[in-house]
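Protein chains: 2
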Amino acid sequence: MSPANGISGIDRGYIIPIGGAEEKLHNPEILDRFVDVCGGKQSRIGIIPTASELEDTGRNYEKLFRKLGVKHAKVLSFITREDCQSGPDIGYIEKCDGVFMTGGNQLRLSTTLGGTTVAQLIRRRNAVGMHVAGTSAGAAFMPEHMIAGGSEGSTPSPDMVTMAPGLGLTNACIIDQHFRQRDRIGRLLTALAYNPFAIGIGLDEDTAAFIRAGDQLEVVGSGGITVIDPTDLGYSSMDRARRGEPVSLIGVKLHILVSGGRYDIAARKAFAE
Amino acid sequence: MSPANGISGIDRGYIIPIGGAEEKLHNPEILDRFVDVCGGKQSRIGIIPTASELEDTGRNYEKLFRKLGVKHAKVLSFITREDCQSGPDIGYIEKCDGVFMTGGNQLRLSTTLGGTTVAQLIRRRNAVGMHVAGTSAGAAFMPEHMIAGGSEGSTPSPDMVTMAPGLGLTNACIIDQHFRQRDRIGRLLTALAYNPFAIGIGLDEDTAAFIRAGDQLEVVGSGGITVIDPTDLGYSSMDRARRGEPVSLIGVKLHILVSGGRYDIAARKAFAE
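So the protein sequences, as listed, match chains A and B. Using my numbering, the first residue of the first sequence is number 12, and each one after it goes up by one. Using my numbering, the first residue of the second sequence is number 12, and each one after it goes up by one.
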């Protein structure tokens with residue numbers, strides 16, 4: 012785990028978490044932009060449908076990418092841990108320009124891919140330029156520390172969030188999705204309050220964070236991204252509050268960014284455009 | 012977060028998680044060995060009492076280390092986040108041979124030290140040779156993924172364990188303590204089942220894992236260490252089980268090691284002596 016080491020002179024690939032429910036028919040801005048980043052119509056895109064329980068989720072994205080003009084889009088059959096250790100589709104990741112992880116349940120991704128050849132390979136290839144996008148559960152799974160579940164509501168409280176190790180593409184931020192639609196600021200604040208080292212990224216539906224090498228984030232899509240920066244957190248009662256009690260946090264910085272907005276995760280600075 | 016980068020030619024310092032309740036008076040084998048590793052009586056040891064709510068926890072360890080012959084043992088006053096960002100005791104870590112974190116509540120450690128100068132400095136200094144020991148809560152806090160709390164019992168079940176980001180000295184293992192005494196195998200299995208990438212280390216009381224550079228573990232003390240290796244996990248129902256339901260796991264490897272036993276975390280191999 013942890014992001015794989017890069018190679019000097021080669022840029023890391025993009026990390027592109029999407030808040031779920033991205034537009035697919037009229038003006039699919041996020042998916043279009045992902046295809047552009049991967050190199051356009053000639054690019055090779057692998058689709059990981061593992062999070063979903065629906066049989067046609069992967070095939071639907073395959074059709075969608077083909078409709079957007081992508082010649083080589085392929086569903087990768089990573090259903091069991093064995094598939095992810097030695098299955099025939101592993102080799103495809105070696106030659107992909109981009110990988111797309113669908114929605115579903117992020118714990119299915121972590122229990123199936125965690126610790127396998129596929130997880131290692133995605134980290135290694137991302138470190139040398141392969142782009143990785145994920146929507147909903149696929150977005151939640153991306154960071155080192157993953158939000159596996161939790162309750163709705165805006166006030167943080169102990170045990171409001173279930174955390175688990177994620178894929179480990181980045182350890183600079185913790186990601187939550189369907190953010191405004193499911194009132195998740197409380198659980199993201201809770202995750203950050205446990206250990207205020209990371210930046211919180213709350214993604215609304217149909218909204219993506221395009222994070223390029225050097226931890227430079229740009230907002231794409233119709234909703235907003237809530238950025239939570241605990242750098243100056245002066246006081247927290249997280250260690251004393253009991254289950255169900257509200258937690259006091261003093262000095263958290265918050266930004267709401269919309270389409271075209273940018274955030275420098277490394278320097279912790281926001282820009283409206 | 013994540014272990015700091017090492018420097019070629021310089022060994023990383025030991026990481027020494029202790030299961031709590033280590034012997035302090037008659038034959039304090041673990042503390043003696045820690046002092047030896049740090050360089051003996053001339054060594055400089057910093058004590059971090061942040062996990063504890065009792066005022067004299069730090070001073071008691073200071074006396075204890077002095078009784079063991081250590082000339083320079085000092086309690087570091089890291090009570091608030093401000094202390095950990097710019098307090099007068101930060102400089103002491105620059106010149107320590109070893110740091111010792113006391114027991115208490117690991118969430119107090121992560122909420123107070125997380126993301127601060129002190130946390131960064133401990134990681135950086137450990138990467139170039141400073142040794143870090145921690146008992147009970149101090150042990151739980153050490154890895155990238157920390158067990159913050161959970162329920163007793165031997166069968167894994169969703170939500171049986173609360174995880175949070177830890178100090179990040181290692182991402183090769185997840186650590187639990189007071190292991191046999193508080194029946195914690197179920198919650199450690201749960202933590203591993205979320206994402207089976209790491210090795211689980213369950214430490215009995217008065218038992219320590221001396222982990223030297225290269226992830227080589229040796230058991231010291233009167234109890235046992237339970238090592239859980241999910242490398243060959245073939246099946247897990249973690250993604251489907253509901254709160255309170257037991258989780259099925261097939262193919263987990265388990266070792267019980269006692270004093271003198273060794274484990275190569277990198278190669279995932281156990282040796283009885």
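Some clues are possibly wrong.
[As the list claims (entries may be wrong)] Straight line, CA to CA, 20 Å or less: simulated SDA-like cross-link-like pairs of lysine to any residue: (1) B:264 <-> A:82; (2) B:82 <-> A:128; (3) B:52 <-> B:140; (4) B:264 <-> A:68; (5) A:82 <-> A:68; (6) B:82 <-> B:105; (7) A:264 <-> B:128; (8) A:264 <-> B:140; (9) B:264 <-> A:91; (10) A:264 <-> B:91; (11) A:264 <-> B:264.
[Unchecked claim] Residues from chain B shown here face chain A by an in silico Cβ test under 8 Å; the list is partial: (12) 17; (13) 20; (14) 116; (15) 121; (16) 128; (17) 159; (18) 174; (19) 204; (20) 206; (21) 247; (22) 249; (23) 250; (24) 257; (25) 282.
Just so you know, the hints here were simulated from the structure itself, not pulled from any lab data. Backbone N, C-alpha and C define an ideal beta-carbon position, used for all residues, glycine too.
Structure-based check of each hint:
1. B:264 <-> A:82: violated (44 Å)
2. B:82 <-> A:128: Not satisfied, since the Cα-Cα distance of roughly 49 Å exceeds 20 Å.
3. B:52 <-> B:140: holds (18 Å)
4. B:264 <-> A:68: violated (34 Å)
5. A:82 <-> A:68: Distance ~19 Å between residue 82 of chain A and residue 68 of chain A Cα, so the pair holds.
6. B:82 <-> B:105: Holds, because 17 Å separates the two Cα atoms, which is no more than 20 Å.
7. A:264 <-> B:128: The given pair, whose Cα atoms are some 19 Å apart, holds under the 20 Å limit.
8. A:264 <-> B:140: violated (36 Å)
9. B:264 <-> A:91: The hint holds at about 19 Å.
10. A:264 <-> B:91: Measuring from Cα to Cα gives roughly 19 Å; hence the hint holds.
11. A:264 <-> B:264: violated (45 Å)
12. 17: violated (12 Å)
13. 20: Where the cut-off is 8 Å and the nearest Cβ of chain A is about 18 Å from residue 20 of chain B, the hint is violated.
14. 116: Result: holds, 6 Å to nearest chain A Cβ.
15. 121: holds (4 Å)
16. 128: violated (12 Å)
17. 159: OK, holds: residue 159 of chain B within 8 Å of chain A, min 7 Å.
18. 174: With a minimum Cβ separation of about 5 Å from chain A (threshold 8 Å), the hint on residue 174 of chain B holds.
19. 204: Holds. Min distance 7 Å.
20. 206: Interface hint status for residue 206 of chain B: holds (3 Å vs cutoff 8 Å).
21. 247: With Cβ-Cβ at 5 Å, under 8 Å, it holds.
22. 249: Holds, about 5 Å.
23. 250: holds (4 Å)
24. 257: violated (15 Å)
25. 282: violated (23 Å)
Violation of the numbered hints given earlier is confined to hints 1, 2, 4, 8, 11, 12, 13, 16, 24 and 25; the remaining hints are satisfied by the structure.
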